[in-house]
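K.L.:
Here's the letter readout for the chains.
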Amino acid sequence: MLRFLLVMSFLLAGAWQLGGAAWLLAKAHLAHYLIDDAWEQQLRSGEPVRPWPWADTWPVARLSLGGGRPLLVMSGSSGQALAFGPGLVENSGAPGARDRNTVIAAHRDTHFNGLRDLRAGQVVRLQDIRGRWYRYRVSSSRVVDSRREQMPIQAGPGLVLVTCYPFDALSAGGPLRFVVHAEYLGAGRSQEA
Amino acid sequence: MDRTIFSGQRIPRELVVLPTEEYYRRRYRSDRRGRWLLLLVTALAVVVGAAGSRANVPGDTVTREVSLAQAGSGDLLFRTGGQGSYQPAVHLNSRAVLRVRGLLAEVELEQAFENTTGSWQEAVYVFPLPAQAAVNRLEIRLGERRIVGKIRERQQARRIYREARAAGKRAALLEQQRPNLFTSQVANIAPGEKVHVTVRFLMPVGFDSGSFSLRLPTTLTPRYIPGRVDAADETVQALRLDGNGWALPTDQVPDAHKISPFMQPAAELTASGSHRIAIEVDLEGGLPLADIHSPYHDIDFKQAGGGTYAVSLRGGDAVMDRDFVLRWRPRQSALPQAALFTGVVADDAVTSGGDSRDEGHAGRAGTYLQLLLLPPDLPGKIRRLPREVIYVIDTSGSMGGSSIRQARDSLLLALSRLQPGDRFNIIEFNSVTRPVFPRPVDATTENLRLARVQVEALQARGGTEMAPALRKAFEQQLPGDETLVRQVVFITDGAVGNEAALFELVRQSLGDTRLFTVGIGSAPNRHFMRKAAQIGRGASITIGDIGEVSARMQSLFAKLEHPLVTDLQVTWPKGLHVDAYPKKIPDLYRGEPLRLVARVRGPELHGKLMVSGRLAGRQFRRELALTPGREEGGLGSLWARSRIEALRDRQRTVGEGSAAGEKLRDNILQLALAFQLVSPYTSFVAVEQAPVRPKVAGLANSPVPNAVARGQVLQRQSYPATATGIHAQLLVALGLLGLGAGLGWERPPRRSSWRALRASVGRRLRHWLRRWLPDPRRARLTLEQQLVRAR
Numbered sequence: 001m002l003r004f005l006l007v008m009s010f011l012l013a014g015a016w017q018l019g020g021a022a023w024l025l026a027k028a029h030l031a032h033y034l035i036d037d038a039w040e041q042q043l044r045s046g047e048p049v050r051p052w053p054w055a056d057t058w059p060v061a062r063l064s065l066g067g068g069r070p071l072l073v074m075s076g077s078s079g080q081a082l083a084f085g086p087g088l089v090e091n092s093g094a095p096g097a098r099d100r101n102t103v104i105a106a107h108r109d110t111h112f113n114g115l116r117d118l119r120a121g122q123v124v125r126l127q128d129i130r131g132r133w134y135r136y137r138v139s140s141s142r143v144v145d146s147r148r149e150q151m152p153i154q155a156g157p158g159l160v161l162v163t164c165y166p167f168d169a170l171s172a173g174g175p176l177r178f179v180v181h182a183e184y185l186g187a188g189r190s191q192e193a
Numbered sequence: 194m195d196r197t198i199f200s201g202q203r204i205p206r207e208l209v210v211l212p213t214e215e216y217y218r219r220r221y222r223s224d225r226r227g228r229w230l231l232l233l234v235t236a237l238a239v240v241v242g243a244a245g246s247r248a249n250v251p252g253d254t255v256t257r258e259v260s261l262a263q264a265g266s267g268d269l270l271f272r273t274g275g276q277g278s279y280q281p282a283v284h285l286n287s288r289a290v291l292r293v294r295g296l297l298a299e300v301e302l303e304q305a306f307e308n309t310t311g312s313w314q315e316a317v318y319v320f321p322l323p324a325q326a327a328v329n330r331l332e333i334r335l336g337e338r339r340i341v342g343k344i345r346e347r348q349q350a351r352r353i354y355r356e357a358r359a360a361g362k363r364a365a366l367l368e369q370q371r372p373n374l375f376t377s378q379v380a381n382i383a384p385g386e387k388v389h390v391t392v393r394f395l396m397p398v399g400f401d402s403g404s405f406s407l408r409l410p411t412t413l414t415p416r417y418i419p420g421r422v423d424a425a426d427e428t429v430q431a432l433r434l435d436g437n438g439w440a441l442p443t444d445q446v447p448d449a450h451k452i453s454p455f456m457q458p459a460a461e462l463t464a465s466g467s468h469r470i471a472i473e474v475d476l477e478g479g480l481p482l483a484d485i486h487s488p489y490h491d492i493d494f495k496q497a498g499g500g501t502y503a504v505s506l507r508g509g510d511a512v513m514d515r516d517f518v519l520r521w522r523p524r525q526s527a528l529p530q531a532a533l534f535t536g537v538v539a540d541d542a543v544t545s546g547g548d549s550r551d552e553g554h555a556g557r558a559g560t561y562l563q564l565l566l567l568p569p570d571l572p573g574k575i576r577r578l579p580r581e582v583i584y585v586i587d588t589s590g591s592m593g594g595s596s597i598r599q600a601r602d603s604l605l606l607a608l609s610r611l612q613p614g615d616r617f618n619i620i621e622f623n624s625v626t627r628p629v630f631p632r633p634v635d636a637t638t639e640n641l642r643l644a645r646v647q648v649e650a651l652q653a654r655g656g657t658e659m660a661p662a663l664r665k666a667f668e669q670q671l672p673g674d675e676t677l678v679r680q681v682v683f684i685t686d687g688a689v690g691n692e693a694a695l696f697e698l699v700r701q702s703l704g705d706t707r708l709f710t711v712g713i714g715s716a717p718n719r720h721f722m723r724k725a726a727q728i729g730r731g732a733s734i735t736i737g738d739i740g741e742v743s744a745r746m747q748s749l750f751a752k753l754e755h756p757l758v759t760d761l762q763v764t765w766p767k768g769l770h771v772d773a774y775p776k777k778i779p780d781l782y783r784g785e786p787l788r789l790v791a792r793v794r795g796p797e798l799h800g801k802l803m804v805s806g807r808l809a810g811r812q813f814r815r816e817l818a819l820t821p822g823r824e825e826g827g828l829g830s831l832w833a834r835s836r837i838e839a840l841r842d843r844q845r846t847v848g849e850g851s852a853a854g855e856k857l858r859d860n861i862l863q864l865a866l867a868f869q870l871v872s873p874y875t876s877f878v879a880v881e882q883a884p885v886r887p888k889v890a891g892l893a894n895s896p897v898p899n900a901v902a903r904g905q906v907l908q909r910q911s912y913p914a915t916a917t918g919i920h921a922q923l924l925v926a927l928g929l930l931g932l933g934a935g936l937g938w939e940r941p942p943r944r945s946s947w948r949a950l951r952a953s954v955g956r957r958l959r960h961w962l963r964r965w966l967p968d969p970r971r972a973r974l975t976l977e978q979q980l981v982r983a984r
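Residue numbers (the numbering used here), protein chains in the order written: chain A, 1 to 193; chain B, 194 to 984.
Among the hints, erroneous ones may be present.
As the list claims (entries may be wrong) - Partner residues are not named here, just some residues of chain B that face chain A (Cβ under 10 angstroms, in silico):
#1 Q922
#2 L927
#3 L929
#4 L950
Treat the hints as calculated values from the structure; they're not laboratory data. Fair warning: this is a prediction, and the values are worked out from it, not measured in the lab. Every residue, glycine too, gets a C-beta built ideally from N, C-alpha and C.
Between the sequences and the hints, there should be enough to build the whole structure, so can you do that?
P.N.:
Right, here's the structure in full:
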């Protein structure tokens with residue numbers, strides 16, 4: 001009898017965990033259809049559009065890390081925003097801002113998994129809500145301890161991508177962060193893909 | 194005969210199979226296995242629970258630390274620092290030598306800036322000084338060479354400094370941002386070079402309840418900047434690129450970028466050998482002392498004879514993360530009832546700058562007096578008047594760490610002093626203001642209990658919007674009931690950038706209330722504490738350590754609960770032209786002496802000074818012979834500093850930009866130039882004649898950070914959590930499902946697992962039902978039998 005209860009509890013707990021993970025993945029990937037729509041609408045209208053009526057975040061930029069589908073960057077780096085996509089950190093500059101750098105953070109296991117493949121010299125592009133693309137060149141990447149260091153929000157143009165480190169760590173909430181610095185190259189053509 | 198034995202069916206002995214050893218072995222083994230399984234399951238359940246709860250809140254750890262930028266409109270920006278980790282390029286170490294003569298302390302603060310990089314540097318250091326410091330000398334020392342600074346009008350000094358910097362000359366500039374906050378800039382420090390900048394200032398020695406004290410701040414609590422950043426403003430845009438502070442100017446604090454130096458944990462700074470201060474104090478009070486101690490530092494002292502003591506820090510130096518305070522108490526019998534110090538500045542006095550500036554000398558001539566007089570002691574027991582006290586407690590982010598604990602303890606202690614008949618209320622404020630009760634309530638046991646519960650739950654977070662809280666505190670007290678003594682006790686660290694506006698608010702809405710300030714933390718803003726209490730006609734105490742709460746609060750209670758010395762009048766002998774400060778003598782709380790700084794012109798000092806006042810309904814009168822006593826240098830500077838403060842107070846009430854304000858500005862400027870004092874309108878600038886930096890070499894600007902005050906939490910923008918833990922979650926799910934399936938599979942040998950499951954569920958259900966439903970075969974009670982029969 002005990003065994004039966006055990007089996008059932010294992011199965012239930014397993015299903016719960018699986019469901020949780022699936023929900024996160026689903027949020028990360030499925031919500032993109034809605035966010036994509038919102039972004040397109042936003043490019044046309046120039047007004048912030050919430051992807052769904054009760055959303056507490058909205059897309060503010062599009063980020064292209066070389067190969068692959070461009071990622072839509074959400075406003076804010078709260079947990080809610082990061083669940084749906086990379087987040088533009090509060091108080092950091094808008095894409096292409098000259099007076100302070102742009103800092104974008106994302107989960108290492110969903111959107112920024114590709115960050116480890118970035119190499120110095122590679123070009124990263126960022127599109128603002130007016131559809132204008134800006135180009136940045138990866139200058140360096142390093143691992144920092146978030147307990148000791150502040151977010152590198154600086155008074156100058158530039159792009160900083162932040163994610164957790166190590167990439168393959170099992171548990172969340174570690175103190176290390178992987179930080180990629182990219183220098184500003186200039187604005188690209190308006191509707192470059 | 195055979196007797197029938199009623200017994201069960203007999204089993205022939207040879208047919209009985211007794212359990213073999215093998216049976217027991219197997220049985221116990223399986224039992225043990227079951228126990229292990231149970232343990233495993235429990236452990237797993239715990240792990241799963243933990244993992245699940247963590248995985249479900251990936252965003253919860255995002256910004257535990259409140260960033261200043263979120264707390265208000267101030268913005269967090271690093272200027273340099275390359276890749277984000279900020280290592281100060283210029284190291285700073287200080288050395289302070291304090292000489293105490295009578296009621297005056299002369300301080301030489303030497304700041305050693307050491308360039309640790311390979312490029313030429315300009316150091317910018319925003320640092321605190323005591324609230325009443327009269328800064329009258331600046332000097333650069335390079336090895337053996339000394340360059341003495343000159344006092345200049347602020348803009349002019351800036352210009353001289355900028356030109357020297359551009360020309361590659363060594364230069365230093367000392368500006369006042371607040372009466373207790375200064376900026377020193379040193380240009381063209383060569384790679385690897387060490388430049389010493391010496392700032393000399395004078396300050397009055399504190400006296401309260403028979404004990405003298407000195408306070409030398411070494412770091413500051415980051416000031417909250419209220420107001421809105423006007424991003425469209427061009428000057429703001431320019432400042433963003435040029436600012437040395439983390440804050441941007443707002444409509445309420447236009448100089449926010451100048452008063453918001455970067456902060457760094459003390460451990461990081463001292464690890465690289467920076468931010469240590471050596472302190473030496475020479476006490477020449479001339480009084481035999483009963484006690485001498487420093488509440489926040491370990492000190493050594495030795496008596497040099499003749500009432501002179503030499504005090505130094507144990508171990509030589511200390512981390513610059515807290516105020517240095519020294520208290521000394523003369524023997525009760527040796528304590529004089531009055532003390533008078535005089536100093537003469539002749540017409541042909543040479544200024545301390547030692548240069549050829551002639552104008553303004555005439556303004557300095559005169560005899561300067563410093564006076565301390567103790568009011569009479571209270572006659573016997575005093576009836577305690579019922580009070581209405583509004584406690585205002587600052588729960589902003591800057592109070593985080595040990596400060597909020599000190600504040601909570603102080604407040605709880607204050608609540609315990611209330612007696613039936615008193616009325617009270619508590620106002621908590623950070624970004625918003627929250628009174629505990631809508632109106633002041635009677636100090637009943639129930640109300641006090643309610644208040645205590647609320648106070649114990651106070652947490653420090655958010656901004657420091659002080660103005661609404663103060664306004665609320667003053668309007669709490671309805672006019673009408675004249676029998677109550679009205680008091681506001683304001684518990685805060687004073688970390689705000691808009692002090693002047695708050696002082697003005699206090700002055701205008703004070704009414705007949707009195708404002709008492711309790712300064713909290715390792716590095717409170719003493720200027721705010723002192724000035725707010727002065728304008729609020731109250732008193733101020735400072736608590737820097739949790740162990741100090743009780744003793745310091747007792748001295749506040751003594752002030753709150755005892756009658757004041759009022760109607761103080763000072764009458765000077767005829768024929769003397771006297772300009773004394775403070776102009777209007779404040780009422781004295783218990784333990785406070787009457788203090789005056791005066792300039793006397795005219796004939797020689799003669800005659801008697803008469804002081805009269807009223808205490809607990811009785812008139813008293815004191816006389817003091819004015820004799821040209823000991824010559825004390827520096828009294829002139831102290832007097833000028835007091836006069837500047839009085840002029841600034843007037844300027845604040847009329848508005849700095851108004852015509853009257855402009856006139857006062859000219860007065861201050863002339864006074865400061867004549868006395869060689871740093872003021873809001875005058876700065877010291879020192880320039881070496883010969884350029885040292887080659888034209889080709891660039892000059893980097895590096896702000897020198899201040900150490901985070903001890904016990905405080907560095908407020909900074911932290912990294913967000915950037916992992917969902919999805920891998921771990923998937924792995925756990927997989928493991929659990931596998932384990933469950935494995936266990937379920939193993940049991941039935943032949944039947945399919947589905948049937949086994951169904952059978953086991955059925956069995957379990959029947960068993961369970963049997964316990965709750967009546968069984969017709971075993972019906973015993975009549976009711977049950979009836980029920981069975983009825984079926």
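K.L.:
Hint compliance check: list the failing hint numbers for this structure, sorted ascending.
P.N.:
none
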